[in-house]
Amino acid sequence: GISRYYTDDWGAYERHLEADKHQVGKRNTQKIERKNLNFRTWIKRLTRKTICFSKVETLHDTVIGLLINKVEFGLDIHA
Numbered sequence: 008g009i010s011r012y013y014t015d016d017w018g019a020y021e022r023h024l025e026a027d028k029h030q031v032g033k034r035n036t037q038k039i040e041r042k043n044l045n046f047r048t049w050i051k052r053l054t055r056k057t058i059c060f061s062k063v064e065t066l067h068d069t070v071i072g073l074l075i076n077k078v079e080f081g082l083d084i085h086a
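Take the numbering used here: the last position of the sequence shown gets the number 86, and nothing is skipped along the way.
Don't take each hint at face value.
Stated by the list, open to error - Below are the BS3-like pairs computed for lysine-lysine, each with C-alpha atoms no more than 30 Å apart in a straight line:
#	residue 1	residue 2
1	K42	K28
2	K77	K42
3	K62	K51
4	K38	K28
5	K51	K38
6	K77	K62
7	K38	K77
8	K51	K33
9	K33	K77
10	K42	K62
11	K51	K28
Unchecked claim - Okay, the calculated beta carbon distance ranges per label pair:
#	residue 1	residue 2	range
12	R41	Y12	15 to 21 Å
13	Y20	E79	20 to 26 Å
14	H29	V63	17 to 23 Å
15	G81	I39	15 to 21 Å
16	R47	D16	21 to 27 Å
17	T36	G8	16 to 22 Å
18	A19	K62	30 to 36 Å
It is worth saying that the hints were derived from the structure and are not from the lab.
By construction, the Cβ of each residue, glycine as well, lies at the ideal position given by its N, Cα and C atoms.
Could you put together the complete structure from these sequences and hints?
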C-alpha cells in the first residue's frame, strides 16, 4: 500500500490523511509534478484545449498506460 503522502498545504489533505503518513512541502512533490508536466507535453490529449482528445475513456487510459510502461519500465510499446 501507500506508506507516505507528499502534498501541498491544502486543508483537505490534513483532514483526511493520517498525520504520521502525511508530509507537507514541495521538496518531494517536485518530481511528481515534473513527471505530470512531461506527460502533458508528450501526450497532447492531456492538455485542455486540443483537438487530439480521445472521446472514448478506454482509449485515453490505453495511451496513458503505454506511456507509463515505456517511461517507468522501459518496455517497448511497439512489440
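To see whether the hints hold, each was checked on the structure:
| no. | hint | result |
| --- | --- | --- |
| 1 | K42 / K28 | 22 Å, holds |
| 2 | K77 / K42 | 13 Å, holds |
| 3 | K62 / K51 | 14 Å, holds |
| 4 | K38 / K28 | 19 Å, holds |
| 5 | K51 / K38 | 20 Å, holds |
| 6 | K77 / K62 | 23 Å, holds |
| 7 | K38 / K77 | 18 Å, holds |
| 8 | K51 / K33 | 26 Å, holds |
| 9 | K33 / K77 | 26 Å, holds |
| 10 | K42 / K62 | 24 Å, holds |
| 11 | K51 / K28 | 34 Å, violated |
| 12 | R41 / Y12: 15 to 21 Å | 18 Å, holds |
| 13 | Y20 / E79: 20 to 26 Å | 25 Å, holds |
| 14 | H29 / V63: 17 to 23 Å | 36 Å, violated |
| 15 | G81 / I39: 15 to 21 Å | 20 Å, holds |
| 16 | R47 / D16: 21 to 27 Å | 23 Å, holds |
| 17 | T36 / G8: 16 to 22 Å | 20 Å, holds |
| 18 | A19 / K62: 30 to 36 Å | 31 Å, holds |
In summary, the structure is inconsistent with hints 11 and 14 from the numbered list given earlier, while agreeing with the others.
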